[in-house]
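I would like the entire structure built from these sequences, with the hints used as guidance.
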Amino acid sequence: MTAYVPGIRRNTPVVALLATTLAVWTLYTPGVEAVLRFFFPGETRLTYDRSPMLRFLGEHLALVAVGGLIAVALGTVGGLLVMSPLGRPFRDVVLRLANFGQSVPSVAIMALAVPALGYGSRPVLLALVIYSILPVMVNVVAGIESVPQAVIEAGRGMGMTRAERLVQLQLPIAMPIIMTGIRTMLVILVSAATLGAVVGAGGLGVPIMSGIGSFNNAVIAHGAVPAILLALIVDQSL
Amino acid sequence: MLAYSGAGAAQRSTAAVIGITGSSLGLLATLALPFVSFRPNRIVDGTAATAIEAFGPWGWILTIGWLALGALTLMPLGRFGGLTRGVSASVVLAIGVGASGCAAIDYAATQGSVARTSFSVAFYLSLLGAFLVLYAAAGQTPYRIGRLVIWTAPVLLLATLAASGVLAELGIVREWAFAKATFAREFRRHMAYALGATAGAVALGIPFGILSARDRRAETIVMGALNLGQVFPALAFVGLMMPILGALGDRVALFDAIGISGIGWAPVFIVLLVYALFPITRNTLVAIRQIDPAVLDTARGMGMGRWRSLAEVELPLAFPVVLAGIRIALVQSTAGAIIAAFVGGGGLGTIMFFGLEQTSMDLVLVGVLPIVALALVFDAGLRAVERMAGGSGEAYA
Amino acid sequence: MIELRGATKRYDATVAVDDVSLTVPDGELTILLGPSGCGKTTLLRTINRMVEIDAGEVLIDGTATTAVPPQELRRHIGYAIQSVGLFPHMTVRRNIATVPRLLGWDAARIDERVSELLSLVGLDPAAYAEKRPNELSGGEAQRIGVARALAADPPVLLMDEPFGALDPINRERLQREFAALHKRLGKTVVFVTHDIEEAVLLGDRIVLMREGRIVQSGSPEELWRGPEHQFVRDFFGDEFGLRILSRHRIADLTPGPAPERALPEVRPDTNLRDALAIMVTESADSVVIRDGDRIIGSLSFCDIVTQVRETT
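Residue numbers (this note's numbering), protein chains in the order written: chain U, 1 to 238; chain Z, 1 to 397; chain F, 1 to 312.
Please note: incorrect hints may appear among the correct ones.
Said to hold, decoys possible - Partial chain U-side listing against chain F, Cβ under 8 Å, derived:
id, residue
1, Ala150
2, Val151
3, Glu153
4, Ala154
5, Arg156
6, Gly157
7, Met158
8, Gly159
9, Met160
10, Thr161
11, Leu169
12, Pro172
13, Ile173
Claimed, not checked - Derived coverage of chain F by chain U (criterion: at least 3 residues anywhere in the stretch with Cβ under 8 Å from a Cβ of chain U; other residues may be distant):
id, stretch
14, 82–94
15, 198–210
Derived from the structure by calculation, the hints contain no laboratory data.
The structure presented is a predicted model; accordingly, all values stated were derived computationally and were not measured.
Glycine included, C-beta positions come from ideal geometry on N, C-alpha and C.
So, in structure tokens, the structure goes:
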């Protein structure tokens, strides 16, 4: 098995450019101030200075990474379960329920989770996981269903066990579709994680909301730009 | 909706499995987990109580109701089996809600009007259980009218309960009653965001889609831009829109006149519009591309010009898929409009924030449940229209 | 030797295979033939337990197929289906190598075997080993399907309408090549088809089925000379004789002396049907047999027709 994972369509030059920009923005404050001063000449306070931007980026990445890992694990297991003979009766219902989950705003789940999980990153993680299980699961199911029946028949006829068919046939063939689901999920996660600021989870939403609250467009931009860059990096590197 | 899945042995057993899972879930939750929680006022933590603890004899009736539902799922019931099971599930659900309402009334009588009775875990799980039973029942009902009955029964029963006043002391209802005027206003604004952004996306997206279908370069530009827009995190996008629109509002008198500025409805509207453009444009593009070239060829061969071909052949054939795109956009915008609350733009998110500030989950629900309900209604409604227009009623992509 | 004793398979109310008893001799190509729905594919699949029978037993070389786990059984039986089912994400090499890898062969042995098999099915190993299934034509894919089925050198080969999805020219070519391959390898083959032409061309014996039961089994000649039911006659039709003719060659018959007049020529290995076709085309009543640069003799139309019945 080569290191190439089918379905990853990395666009290296663009990613490198975006990552560099993000690094500069996060680390080199005088540069950021210069840019912001140019765009927002009227503002007296240009950057969010109560904590370094790097910290928010770190919190954001942590939320996305942990939420993403849990969602991928649960989504894959869920998708495989639903495709197995045991779970097959539930395939349609589960997809429909997951679809419904998308119409509940992630912020609402965060808010409702607060009494049980308190403020901070835990309600946000719950919301992130609930919200992003759907793309993963739908794509796992779609990916496995995209495997031609003839391939399964041939594999079975050759004496492959169910596990061997899954690992050697179904998952590799499903991989491009599954990767699309993971990519979509991660982009959703970056977006939803910005809202986590509202329940005290930190992340890049903090400077954005601070800027909004104090009518300071420069501070908004200070937080919004890295968030957008992060989302673009995730989208372009998978 | 939720098509009849057939009468074969496999489908029957699928329905039975889902049905029994649902009724078992409802039974176990009702028996073992807290159904409601009582709080003497909003600040103090509540005391949770199971159905039997909280409702006395009605708690037992509810439990037996779930048991009976389970039995109904397993018994062969013949032609009206689906209908019977579906309506029974609605009745059991109504009993749960009604009993909660009565318990709330009793509790308020002892504690005064600051007391709050809220639904707890068991209620939500039994809601899920009831949904599963309803889903299975609908799958077993061959006639559309039967399925309509199954899905509207819970709503009707709920409306009846509400009308009878038995729900008046429930936490959610109390919070809504207090915030009635605000709620009405923000509900209207929320609808305006969702419907307005979708309408705008239809007006722009369909022409963009047609253009992209015909011209590969246009496709690259349009879909490239929209793809990019989809990736932007919502809060950051709205945040950046504020200075941009603020600047535009300062410079362009017309904009200032209609109220486009950095503050208020405009940034949210633009962002929702951009998000909504993606499904509509993409679906239009794909739908037109998918049309059998032979059909277009025949149309041209008959002497139809470009515009006529578009109007009489391409758009009608593309319609169901485009409609699916509109549905996705509308549901997306309905959920997405919650972001308006983050920038002072109103909408149901504002109510949710009030609830957060006042640590009242019931108030949060007053803000959130209508969003979910609207999304479901829009989704079901548009799927029905799609089916009438010849589509499959299933989500595209 | 494959033996089915009283094999029965039911699906809900229908009986797909109805108390079928059959012996498949070693080394022969046995055809399961019949109209759609007669149960031939189901019967085939009971042999490698892709379908589990409800009653009866299936034995291979005296051992019941239920004695080992199904995966184990199938790794020693070749299986080639109409839609081929080549694994789209693997190269041709890895496709063919599948069962050997499952059986734990070492890499060198596998590589050697892959090249050997590609040559066997008429494809250049250097050109084809690294190709992907989506780069192959229908005929090429089917050949690789056969190669894959033969990879671990199984004693038994099961084939389900393998050439059915090909165009007529490719189909005929592959049929002839497979007939030659079978002669070379001598494996026990059970082959499902609904195409009479194919059955008569390839089969050492034909098992004619209908509605889950065997109507008659025997060599094509036996079925031709002694059909036991009207169904057999009707199924094979009036062209049966002509088709049988294509199984036999000029060399199988006794020629008479070559007359003086000009006659069209055939070779000893020309099949009898082609010989008749030549006579019709050339409006001749006889052909003369040329072997290299000698004329051996001649055969007339009457000779052929009368001798065929006696010698086959």
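Right, here's what the structure says about each hint:
1. Ala150: Check passed: Cβ of Ala150(U) comes within 4 Å of chain F, closer than 8 Å.
2. Val151: 5 Å, holds
3. Glu153: 6 Å, holds
4. Ala154: 3 Å, holds
5. Arg156: Hint on Arg156(U): holds, closest Cβ of chain F at ~7 Å, below 8 Å.
6. Gly157: 3 Å, holds
7. Met158: Holds, about 5 Å.
8. Gly159: Since chain F brings a Cβ to about 3 Å from Gly159(U), closer than 8 Å, the hint holds.
9. Met160: 7 Å, holds
10. Thr161: Nearest chain F Cβ about 5 Å off; hint holds.
11. Leu169: Status holds, d = 6 Å.
12. Pro172: Cβ of Pro172(U) sits 5 Å from chain F, so the hint holds.
13. Ile173: 5 Å, holds
14. 82–94: Satisfied; 7 residues make the cut.
15. 198–210: violated (count 0)
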